[in-house]
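Engineer: Work out the full structure: start from the sequences and follow the hints.
Residue numbers (UniProt numbering), protein chains in the order written: chain P, 1 to 100; chain E, 1 to 100; chain W, 1 to 100; chain R, 1 to 100.
It should be emphasised that the hints constitute simulated quantities derived from the structure, not laboratory data.
Treat the hints with care, as some may be off.
Okay, derived cross-link-like pairs now, BS3-like style, lysine-lysine, Cα gap no bigger than 25 Å in a straight line [as the list claims (entries may be wrong)]:
(1) W/K15 x P/K72
(2) R/K96 x P/K60
(3) R/K37 x R/K96
(4) W/K96 x P/K26
(5) R/K37 x W/K15
(6) P/K60 x W/K100
(7) W/K37 x R/K72
(8) W/K72 x R/K96
(9) E/K60 x R/K96
(10) W/K96 x R/K61
(11) W/K60 x P/K100
(12) E/K37 x P/K37
(13) R/K100 x P/K60
(14) P/K96 x P/K72
(15) P/K96 x W/K60
(16) P/K72 x W/K96
(17) E/K60 x P/K60
(18) W/K100 x P/K100
(19) P/K96 x E/K5
(20) E/K96 x P/K37
(21) W/K60 x W/K100
(22) E/K37 x P/K72
(23) W/K100 x E/K100
4 protein chains.
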Amino acid sequence: MTTAKPEHPVTPRTKDEISAITNRLKRVEGQVRGVQKMVEEDRYCIDILVQISAINAALKKVGFSIAERHTKHCVSHAVQSGQGEAAIDELMEVLKQLSK
Amino acid sequence: MTTAKPEHPVTPRTKDEISAITNRLKRVEGQVRGVQKMVEEDRYCIDILVQISAINAALKKVGFSIAERHTKHCVSHAVQSGQGEAAIDELMEVLKQLSK
Amino acid sequence: MTTAKPEHPVTPRTKDEISAITNRLKRVEGQVRGVQKMVEEDRYCIDILVQISAINAALKKVGFSIAERHTKHCVSHAVQSGQGEAAIDELMEVLKQLSK
Amino acid sequence: MTTAKPEHPVTPRTKDEISAITNRLKRVEGQVRGVQKMVEEDRYCIDILVQISAINAALKKVGFSIAERHTKHCVSHAVQSGQGEAAIDELMEVLKQLSK
Numbered sequence: 001m002t003t004a005k006p007e008h009p010v011t012p013r014t015k016d017e018i019s020a021i022t023n024r025l026k027r028v029e030g031q032v033r034g035v036q037k038m039v040e041e042d043r044y045c046i047d048i049l050v051q052i053s054a055i056n057a058a059l060k061k062v063g064f065s066i067a068e069r070h071t072k073h074c075v076s077h078a079v080q081s082g083q084g085e086a087a088i089d090e091l092m093e094v095l096k097q098l099s100k
Numbered sequence: 001m002t003t004a005k006p007e008h009p010v011t012p013r014t015k016d017e018i019s020a021i022t023n024r025l026k027r028v029e030g031q032v033r034g035v036q037k038m039v040e041e042d043r044y045c046i047d048i049l050v051q052i053s054a055i056n057a058a059l060k061k062v063g064f065s066i067a068e069r070h071t072k073h074c075v076s077h078a079v080q081s082g083q084g085e086a087a088i089d090e091l092m093e094v095l096k097q098l099s100k
Numbered sequence: 001m002t003t004a005k006p007e008h009p010v011t012p013r014t015k016d017e018i019s020a021i022t023n024r025l026k027r028v029e030g031q032v033r034g035v036q037k038m039v040e041e042d043r044y045c046i047d048i049l050v051q052i053s054a055i056n057a058a059l060k061k062v063g064f065s066i067a068e069r070h071t072k073h074c075v076s077h078a079v080q081s082g083q084g085e086a087a088i089d090e091l092m093e094v095l096k097q098l099s100k
Numbered sequence: 001m002t003t004a005k006p007e008h009p010v011t012p013r014t015k016d017e018i019s020a021i022t023n024r025l026k027r028v029e030g031q032v033r034g035v036q037k038m039v040e041e042d043r044y045c046i047d048i049l050v051q052i053s054a055i056n057a058a059l060k061k062v063g064f065s066i067a068e069r070h071t072k073h074c075v076s077h078a079v080q081s082g083q084g085e086a087a088i089d090e091l092m093e094v095l096k097q098l099s100k
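Structural biologist: Given below as structure tokens:
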């Protein structure tokens, strides 16, 4: 049995879910632009680093909420259809990356 | 003696230094927009998480290069003028944040 | 329906699994004692920090392997008996801690 | 000019400094042994992971306090004797490892 890499979540995200995530990512995008401006104005290093840490924290939070939904839908679905192993290996791999 | 919070690095960043950092941040901004698009297209969770991890890694790298320059200029300058303690406390505090 | 906090994994660890993990933890314990000795001998800071980083990496690896088995057994079992939500929330919470 | 890798901090740690760090490391060692016992008793995965996260946090804290003292003594001394560059590169390298 082959398992083609999926293109989409097993349960499509609702419009509300999509706009909740994209709103958070737009805020992150704005923060990144804010840091660019700080660098262009040659602002104090520590102030820039505080912003970069905040962006990382925000991104990690988005990442974990996507991972949580993924586990509740895609991974759970895989478990129920007897393909949990591969789905869980894939999840753990990406969480290790995210936790670096 | 009061030490007002500095507005700028003790050695101004050169034009080249500024554009090197802003170029990296523009790439990060592009990556964040890329993730937004992936979410809008309801793409597979793991693929999104791989991208988010990559952005975090890129941001951390920018952060550490800013911290390195900060230590070589601002902190070193503070050390030479007998105000190393406070500068180093400030540096460590922000590096703890960045390392979360 | 109440869900009492479990005392044990849903599938007991085999003797081999237990000794694989405790062996890794004994190595970690040895590394921690090694760092104590380095500090007592007033060894160079950077050498100590390299060892501490190595211990953290080893512990994170053990943590992720425990989390993986947990997901493959306890969480999967919870999913199959319709109690996936709570199990996944609990898993994500602890992975956020581990990733700090 | 050659810079041999140092064996010791530029300012020797006092007895008090040494016992403060080794006490923290002994506590960490005790925690690691505690986790071994939990694994031998086949305790619930999440409870084990919570302990592992706590150990990692404790070790990171020790690491940062060693890094701080290192910067205030060894790195500052290097800066004052015109060898700041190499000392700062070395510091940043190890902090990147610690922050993973």
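Engineer: Look at each hint and say if it fits the structure.
Structural biologist: A quick look at each hint next to the structure:
At most 25 Å may separate the alpha-carbon atoms for a hinted pair to count; W/K15 and P/K72 exceed this at roughly 31 Å. Restraint check for R/K96 and P/K60: satisfied, since their Cα atoms lie roughly 18 Å apart, inside the 25 Å limit. Proposed proximity of R/K37 and R/K96 is contradicted: the alpha carbons are some 32 Å apart, above 25 Å. Using a Cα cut-off of 25 Å, the hinted pair W/K96 and P/K26 holds, with the two alpha carbons roughly 23 Å apart.
The suggested pairing of R/K37 with W/K15 holds, with an alpha-carbon distance near 14 Å, which does not exceed 25 Å. About 10 Å separates the Cα atoms of P/K60 and W/K100, which keeps this hinted pair within 25 Å; it holds. For the given pair, W/K37 sits about 23 Å from R/K72 by alpha-carbon distance, which is consistent with the 25 Å threshold. With a C-alpha separation of about 32 Å, the suggested pairing of W/K72 with R/K96 is violated against the 25 Å cut-off.
Annotation: proposed proximity of E/K60 to R/K96 holds, straight-line Cα distance about 9 Å (limit 25 Å). As the CA atoms of W/K96 and R/K61 are separated by approximately 18 Å, the hinted pair is consistent with the 25 Å bound. Our distance criterion of 25 Å between C-alpha atoms is met by W/K60 and P/K100, whose separation comes to about 10 Å. Our distance criterion of 25 Å between C-alpha atoms is met by E/K37 and P/K37, whose separation comes to about 24 Å.
The straight-line distance between the Cα atoms of R/K100 and P/K60 is roughly 14 Å, inside the 25 Å bound, and the hint therefore holds. Between P/K96 and P/K72, the direct Cα distance comes to roughly 19 Å. Compliance with the 25 Å bound is thereby established for this hinted pair. Note on P/K96 and W/K60: the hinted pairing holds, with a Cα-Cα distance of about 9 Å set against a maximum of 25 Å. Distance restraint check for P/K72 and W/K96: the Cα-Cα separation of roughly 16 Å lies within the 25 Å cut-off, and the hinted pair is therefore satisfied.
Between E/K60 and P/K60 the CA atoms are separated by roughly 12 Å; this keeps the pair inside 25 Å, and the hint holds. Taking the CA atoms of W/K100 and P/K100, the gap is about 8 Å. The hint holds against a cut of 25 Å. Between P/K96 and E/K5, the direct Cα distance comes to roughly 38 Å. Violation of the 25 Å bound is thereby established for this hinted pair. Of the supplied pair hints, the one linking E/K96 and P/K37 holds, its CA atoms being roughly 24 Å apart against a limit of 25 Å.
For the suggested pair W/K60 and W/K100, the alpha carbons sit about 10 Å apart, so the restraint of at most 25 Å is met. Restraint check: the Cα-Cα separation between E/K37 and P/K72 comes to about 23 Å, which is no more than 25 Å; the hinted pair holds. Annotation: proposed proximity of W/K100 to E/K100 holds, straight-line Cα distance about 5 Å (limit 25 Å).
In terms of the numbered hints stated before, the structure departs from hints 1, 3, 8, 19, listed from lowest to highest.
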